[in-house]
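Asks: Respectively, the protein sequence lines represent chains A and B.
Anchor point for the first sequence: position 96 equals 96 in my numbering, and the numbering is continuous, going up by one each time.
Numbers in my numbering are just positions in the second sequence, counted from 1, shifted up by 429.
For the record, the hints were derived by calculation from the structure and aren't laboratory data.
These numbers were taken from a predicted model, which means no experiment stands behind them.
A couple of the hints might just be wrong.
As the list claims (entries may be wrong) - Simulated restraints, written as ranges between beta carbons of each label pair:
| hint | chain 1 | residue 1 | chain 2 | residue 2 | range |
| --- | --- | --- | --- | --- | --- |
| 1 | B | Leu635 | A | Gly73 | 56 to 66 Å |
| 2 | B | Asn708 | A | Lys237 | 52 to 62 Å |
| 3 | A | Gly338 | B | Thr478 | 57 to 67 Å |
| 4 | B | Thr478 | A | Asn249 | 55 to 65 Å |
Stated by the list, open to error - Chain A is faced by these chain B residues, among others (derived, beta-carbon under 8 Å):
| hint | residue |
| --- | --- |
| 5 | Thr443 |
| 6 | Asp461 |
| 7 | Ile479 |
| 8 | Leu480 |
| 9 | Arg502 |
| 10 | Lys505 |
| 11 | Ala542 |
| 12 | Val601 |
| 13 | Lys704 |
| 14 | Asp711 |
As the list claims (entries may be wrong) - In silico lysine-lysine, BS3-like type, Cα no more than 25 Å apart, as pairs:
| hint | chain 1 | residue 1 | chain 2 | residue 2 |
| --- | --- | --- | --- | --- |
| 15 | A | Lys232 | A | Lys141 |
| 16 | A | Lys319 | A | Lys299 |
| 17 | A | Lys81 | A | Lys307 |
| 18 | B | Lys476 | A | Lys29 |
| 19 | B | Lys476 | A | Lys6 |
| 20 | A | Lys357 | A | Lys315 |
| 21 | B | Lys621 | A | Lys141 |
| 22 | A | Lys29 | B | Lys505 |
| 23 | A | Lys357 | A | Lys278 |
| 24 | A | Lys166 | B | Lys476 |
| 25 | B | Lys707 | A | Lys6 |
| 26 | A | Lys315 | A | Lys378 |
| 27 | B | Lys704 | A | Lys29 |
Quick reminder that beta carbons are idealized off the backbone N, C-alpha and C, glycines included.
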Amino acid sequence: MKAIVKIENLSKMYRLGSIGTGTLTHDLKRWYYRVRKREDPYLKIGENSDGSTKSKSNYIWALKDINLEVMPGEVLGIIGKNGAGKSTLLKILSRVTGPTTGAIHYNGRIGSLLEVGTGFHPELTGRENIFLNGAILGMTKAEIRSRFDEIVDFSGVERYIDTPVKRYSSGMMVRLGFAVAAHLEPEILIVDEVLAVGDAEFQKKAIGKMQDVSQNSGRTVLFVSHNMGAVKNLCSKAVLLENGRISYNGATKEAISFYLNRKMEILNFFSKEETVDKLRLSGYTLDVYFSTIEIENDKVDYYTNDKIVILCSIKCIRKTDNIRINGTIFNNEEQSIGGWFGRDFFDMKPEEERRIKIELKGHNLVVGNYVISLSIGKGDFTDGMIDFDVIQHVIKFNIVGFDSKKIIGYSVWNSKWGNVLFNVKTTVI
Amino acid sequence: MSSQDKEYYDSVITNRDKFFDLRLRDIWQFRDLLMLFVHRDFVAYYKQTILGPLWFFIQPLLTTLVFTVIFGRIAKIPTDGLPPVLFYLAGVTSWNYFADCFKKTSNSFTQNAHIFGKVYFPRVIVPLSIVITNLISFGIQLLLFLAFVFYFIYSGANVHPNLFILLFPVIVIMMGIMGLGLGMLVSALTTKYRDLQFLIVFGIQLLMYATPVIYPVSSIPEKYQLFVLLNPMSSIIETFRYSFLGVGSFSYSGLLYSLIFTIVIFVFGLLVFNKTEKNFMDVV
């Protein structure tokens, strides 16, 4: 079968720093080189977009030599950490910006769901905005008219359809925008994280619609997301982007685990303090905070009934009482599978430093790879809580078997059965 | 399937493009969007105003009033023997149409970055819709002007509309296209060099004084007339006034010069505009 989208040697260069200083001289120089049929003097070959290493050049490759073929009807997931080039790739595909070198060949129309409600005008009514937004997304008036009722129905804003959208709540606006976009019918659909909008009910509807589009209508979909669960559910294939290059291209499941393993490897480069710093969620007061977190003896492989011990150092800036430490465990699809609330409260004074030992016993986790996020705070789920510091995915460990004495382990465990083996007693009575 | 079929694709995205490609087919495909933009601009413009569409008339009337007082009464600039109100209204109506086309299209990229950053459609749709919107408001303002013309004919003033009115559609299109061409050129440059944005407001105002809007060409000393006529808008305004009011100067060569200028600036503007749309999101 012939690919519907064929990407050949696609690269995209960006200029770093402020635009406007020196651009005129650079532009003139570039033009002069081009006139003489020389290569662009500001393109440095062999440098990539790894932001953590400082290069001398002010130009970086956001994408470098991407080669990719997408088959008709395929739902392709595009994963990778922030800044890997995912959005740049989608932007080039949706023709918002152009490539520096290389080409994309495709058949049919490309429609994009990069953001919903693009071009909504606050003074126009819902009805008028459906037409305007639909036309911006590439539909003709006749196409919109034929799907108008469906769109209104899907959005759930019938009552307000003749009200200017400036009177809408933000949720209604998003639903209307998504409804229009979801009824686009291009041969190739590009989706970027839109599933993160709206309330839970609407999200479910949106995911349902996505599945419907990909499975029943045979449309080709390119889907970018940080939600590994969604990628796994929707996509048949996935590519992993790292520093603007494709580092994995294959079945979704393998791509995801490859990605998550790579993510953990990166952590080993840094010292304990740096690791905590890199994984810290922003926006917390840090009255009390983690300075280091480690797993005892750097041991990563455990059996289901093993005790897992985490050691951490905590520092204090402002005097705080009744401090506790909470944790959440995630599986390798980044879905949380459980957590705990610390019950051994302690008090701290400024400048004080404490060592804390966390013992995770009787967790009954089955074979697989897991990560733990930790937080310091006050209170618990029964009477509300405040967090001072949250460190995401800081501990990584694997469950490799059921019991060190049993050799067989989990050879028959099916991932559909979940991640926890409950301790259940069955008696014939 | 032959090997040629196998490698054939409808569309391609690269950074290379044909040098001379106006992409008029794309525009035709998005004609519905063009009209919806026009509709949007109209509806949104006068929402939540008390006087509503009356503003179409108030703006030229006030400007005319100011010009009549300052240039007519105080500075006493001759008006070719026409009633000053009619003279200025003719100039203001036609000049505003051109100036609006120029000014409002000149920030097409920067004003619409939030939409352009999300989806693709031929960017030229935006300036085109602005020109059409302006054309419609010009049409409305023309009614006001005609009402004044009829009033002054009725009251026996020295006003003689003539057959050159047949050129009217041509000069209306020329003004719109010239404004569009210049606007597209400037908007392509403002994406990178914002300085132009400030310059343009000032520039258009200066250009008005270099155009026979508030004075007739005949009032200028012979040796400077050439400079005024080098301005491609001069013959257009003069033709407009001559055909409706029967006073002023008219020359085919002047109009031809404007026509050639219009075509050149439009084609050049569109090429630069199309070239810019590809990568402007990286610099805006």
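Asks: Now, for every hint given, state plainly whether the structure supports it.
Replies: These are the hints, each one checked on the structure:
In this structure the hint that B/Leu635 and A/Gly73 lie 56 to 66 Å apart at CB holds, the actual value being about 60 Å. With their beta carbons about 30 Å apart, B/Asn708 and A/Lys237 fall outside the hinted range of 52 to 62 Å. Checked against the given bound of 57 to 67 Å, the beta carbons of A/Gly338 and B/Thr478, roughly 59 Å apart, stay inside it. Between B/Thr478 and A/Asn249 the C-beta distance comes to about 57 Å, which sits within the given range of 55 to 65 Å.
Hint on B/Thr443 holds. Least Cβ distance to chain A is approximately 4 Å, under the 8 Å limit. At its closest, the beta carbon of B/Asp461 sits 4 Å from a beta carbon of chain A; the interface hint therefore holds under the 8 Å criterion. Here the hint on B/Ile479 is broken, as its CB sits about 16 Å from the closest CB of chain A, past 8 Å. With 8 Å as the threshold, the beta carbon of B/Leu480 stays out of range of chain A, its nearest partner Cβ sitting at about 17 Å, so the hint is violated.
For B/Arg502, the interface hint is violated, the least distance from its beta-carbon to any beta-carbon of chain A being 41 Å, above 8 Å. Proximity of B/Lys505 to chain A is violated relative to the hint, the smallest CB-CB distance being about 45 Å (cut-off 8 Å). About 11 Å separates the beta-carbon of B/Ala542 from the nearest beta-carbon of chain A, more than 8 Å, and the hint is not met. Hint status for B/Val601 relative to chain A: violated, with the closest Cβ pair at about 27 Å, above 8 Å.
Interface restraint check: B/Lys704 against chain A, minimum CB-CB distance 10 Å, threshold 8 Å, status violated. A cut of 8 Å between beta carbons decides the hint on B/Asp711: the least distance to chain A is about 6 Å, and the hint holds. A C-alpha spacing of about 36 Å is found between A/Lys232 and A/Lys141, which places the hinted pair above 25 Å, so the restraint is violated. The straight-line distance between the Cα atoms of A/Lys319 and A/Lys299 is roughly 34 Å, outside the 25 Å bound, and the hint therefore fails.
Taken as a hint, the A/Lys81 and A/Lys307 pair is broken in the structure, with Cα atoms around 32 Å apart against an allowance of 25 Å. Note on B/Lys476 and A/Lys29: the hinted pairing is violated, with a Cα-Cα distance of about 49 Å set against a maximum of 25 Å. A threshold of 25 Å between alpha carbons decides the hint, and for B/Lys476 with A/Lys6 the separation of about 47 Å lies outside it, so the pair is violated. In summary, the hint linking A/Lys357 to A/Lys315 is supported, as the alpha carbons are separated by about 14 Å, within the 25 Å threshold.
Distance restraint check for B/Lys621 and A/Lys141: the Cα-Cα separation of roughly 35 Å exceeds the 25 Å cut-off, and the hinted pair is therefore not satisfied. Restraint check: the Cα-Cα separation between A/Lys29 and B/Lys505 comes to about 53 Å, which exceeds 25 Å; the hinted pair is violated. Between A/Lys357 and A/Lys278 the CA atoms are separated by roughly 22 Å; this keeps the pair inside 25 Å, and the hint holds. With a C-alpha separation of about 12 Å, the suggested pair A/Lys166 and B/Lys476 falls inside the 25 Å cut-off, and the hint holds.
With a C-alpha separation of about 20 Å, the suggested pair B/Lys707 and A/Lys6 falls inside the 25 Å cut-off, and the hint holds. For a cut-off of 25 Å, the pair hint linking A/Lys315 to A/Lys378 stands: about 15 Å separates their Cα positions. The straight-line distance between the Cα atoms of B/Lys704 and A/Lys29 is roughly 19 Å, inside the 25 Å bound, and the hint therefore holds.
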